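Peer 1: Following the hints, put chain B in place on chain A, whose structure we already have.
Protein chains in written order, with this note's numbering: chain A, 67 to 334; chain B, 34 to 240.
Don't read these hints as lab results, they were simulated from the structure. Note that this is a predicted model, so its numbers are computed, not measured. Where hints are given, some of them may not hold.
What the hints assert, rightly or not - Only pairs whose alpha carbons sit at most 25 Å apart, straight line, appear in this in silico SDA-like list of lysine to any residue:
no., chain 1, residue 1, chain 2, residue 2
1, B, LYS137, B, ASP66
2, B, LYS74, A, ARG144
3, A, LYS140, B, THR123
4, A, LYS300, B, GLU193
5, A, LYS260, A, ILE247
6, B, LYS190, A, ALA302
7, A, LYS210, A, LEU193
8, A, LYS140, B, GLY76
9, B, LYS137, A, LYS210
10, A, LYS140, B, ARG116
11, B, LYS74, A, VAL134
12, B, LYS137, A, PRO309
13, B, LYS137, A, ILE247
14, B, LYS137, A, THR237
15, A, LYS300, B, LEU143
16, B, LYS74, A, ARG146
17, B, LYS190, A, SER83
18, B, LYS137, A, LEU270
19, B, LYS137, A, ASP317
20, A, LYS300, B, ASP105
21, B, LYS137, A, ARG296
22, A, LYS140, A, SER130
23, A, LYS140, B, ASP66
24, B, LYS74, A, THR237
25, B, LYS74, A, ARG250
26, A, LYS140, B, ASN141
27, A, LYS210, A, LEU270
28, B, LYS190, A, GLU306
29, B, LYS137, A, VAL142
30, B, LYS137, A, GLN314
31, A, LYS140, B, ILE67
32, A, LYS140, B, ASP145
33, B, LYS190, A, LEU295
34, B, LYS137, A, ALA302
35, A, LYS210, A, THR237
36, A, LYS260, B, VAL144
37, B, LYS74, A, GLU148
38, A, LYS140, B, ARG119
39, B, LYS137, A, GLU251
40, A, LYS300, B, GLN186
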Amino acid sequence: MALGSKSGPDEIGNLLSACLELIEGGEVSIDALLGRYGEFREVLRPPLEAALWLYRRSWLFDPSPAFVSACRSKIVDRVRAETGRPMSARIREHTPKDSSYGRWNSLSLWIALLSILVLVWVGANSLSFWMGNSVPGDPLHGVKLAQEQLQMALSFSSEREIESCIHFAETRFVETERLIIAGRESHLPQAVAKLDLQVADALLSIARMGQGDPEQANLYASQLESTLLRESEKLAALREYYPPASQQAIDQVLAVSADALQQIHRRN
Amino acid sequence: MVNVASQSNVCNKNSQSSFLEVEGNPARREDGDIELIRLAKDGDRDAFGDLYHRYAHIVFRFIYAHVSDRWDAEDLTEEVFFRVWRSLTTYREQGVPFLAYLFKVARNALVDFYRRAGRSGGLMSVDDKPFQDVHLDPAEAAIVNLEHQEIRQTLEKLREDYRMVLILRFLSGLSPEETGAVMGRTPGAVRILQHRALSALRNLLEI
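Just chain A, with the same shape it has in the complex:
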């Protein structure tokens, strides 16, 4: 590989990659490579040594063959259980064949009734589950927000109101995270705006309480602070993995969080 005397990071990066391919292929030692590219000896030696250090330890991260094999069977079994058997086979299995049909028929009626009750119960719980897990842009998200507002309206003590505010702020963080993970970038600005408002509400409620009961307000401020720190760390950890639109939203959330933290510190 020919390189100019003023090699940029691009060229060194390519040269290093070429060297790594040779080492990976077991074709050549580091010393032989450094001898071949004597001009770049000092530039190439440190990364090549580090690469070798990692290569030699990469086997520590290997799965055991027993796990790979057992896991494949488990996955195929889970997939089989999920997809189920052909409908015709199931219909044949449940067709009555003897004189006990009447008794089975009565039992079937009870089973059907029980199934309906179970379905209604599951349906109600599912609706509640999906509503709880909805994010901006989902049809049920509006219902979720209305429910939160109702909960706030029914908070008859300032303590309960602040606790709800902090909880809802945390919920807004989780919703933003979910949108980022799902790649639903178009809804992120909406989520960030809602989070901003919710955090502002929480701060305002705490400030209000501080007028009458500063000690209690400090406790809630600490609770909000730990929520902000925890959720910001999670988002900061996600940042590198996602495209610019998501990164921009994360930066906005982090700015909201930093601003709120500053306000909390100022009041302390």
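Peer 2: Leaving out everything else, chain B in the frame of chain A:
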């Protein structure tokens, strides 16, 4: 600084072989994926099993580089493939290489894992859970545990993108092109990042 010279030579016994034996040619892998995905979407469970077999090693290595417990890594690997199966029908609509999609699912599974475990730190948190491996005697397992912890602790000192490129390239064994697809960067950018990450890693080592 990490003193690796004094460590056991257990790590040398397999040297570089395990890094190379599974992956094969990336382009050929992607070609084969398309057919397996098509069959799996049609309900062919064995095709999905083959797809699993093709990627189980690299996904496990990636996950095990992020968690300290081997059993957690095994559970998460299984979870990743099951999630992939469930979302396979919508996969093509997302228009990303299967490998990138697979790692996205793996990262999401890790995020959920940390959330469930109540860990709010970075993705490379290290704890003191003992390493357990039925294939190793206790003394050897202890040494392997130390080595594994040491690598994770060393990588934890690097910034996030450096850590990620090193895990993908040298522990999961992806090519620069595949790493680029997973990280959303061009192969050229991956090569530059890899160079910087390795130089930063070398500064932490006492070889």
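Peer 1: Between the alpha carbons of B/LYS190 and A/GLU306, is the straight-line distance 25 Å or under?
Peer 2: Holds, because 16 Å separates the two Cα atoms, which is no more than 25 Å.
Peer 1: Need the status of pair B/LYS137, B/ASP66: alpha-carbon distance at most 25 Å?
Peer 2: Holds, because 17 Å separates the two Cα atoms, which is no more than 25 Å.
Peer 1: Quick one, are B/LYS137 and A/ALA302 close enough, alpha carbons at most 25 Å?
Peer 2: Status holds; Cα separation ~17 Å.
Peer 1: For the pair we were handed, B/LYS74 and A/ARG144, check the Cα-Cα distance against 25 Å.
Peer 2: The given pair, whose Cα atoms are some 15 Å apart, holds under the 25 Å limit.
Peer 1: A/LYS300 and B/ASP105: Cα distance at most 25 Å?
Peer 2: 20 Å, holds
Peer 1: Decide if the proposed pair is consistent with the structure: B/LYS137 and A/VAL142, CA atoms, cutoff 25 Å inclusive.
Peer 2: Between B/LYS137 and A/VAL142 the Cα gap is close to 22 Å, so the pair holds against 25 Å.
Peer 1: For the pair supplied as a hint, B/LYS190 and A/ALA302, is the alpha-carbon distance within the 25 Å limit?
Peer 2: The hint holds at about 16 Å.
Peer 1: Within 25 Å, alpha carbon to alpha carbon, are A/LYS140 and B/THR123?
Peer 2: 23 Å, holds
Peer 1: Compare the distance between the alpha carbons of A/LYS210 and A/LEU193 with 25 Å, and conclude whether the hinted pair is satisfied.
Peer 2: Holds, at about 11 Å.
Peer 1: Verify the proposed pairing of A/LYS140 with B/ASP145, using a straight-line Cα cut of 25 Å.
Peer 2: 21 Å, holds
Peer 1: Just to be careful, I want the Cα atoms of B/LYS137 and A/LYS210 compared with a cutoff of 25 Å; is the pair within it?
Peer 2: Violated, because 28 Å separates the two Cα atoms, which is more than 25 Å.
Peer 1: Take the C-alpha atoms of A/LYS140 and B/ARG116, compute the straight-line distance between them, and say whether it is at most 25 Å.
Peer 2: 13 Å, holds
Checked against the numbered hints given earlier, the structure breaks hints 9, 18 and 24 and satisfies all the rest.
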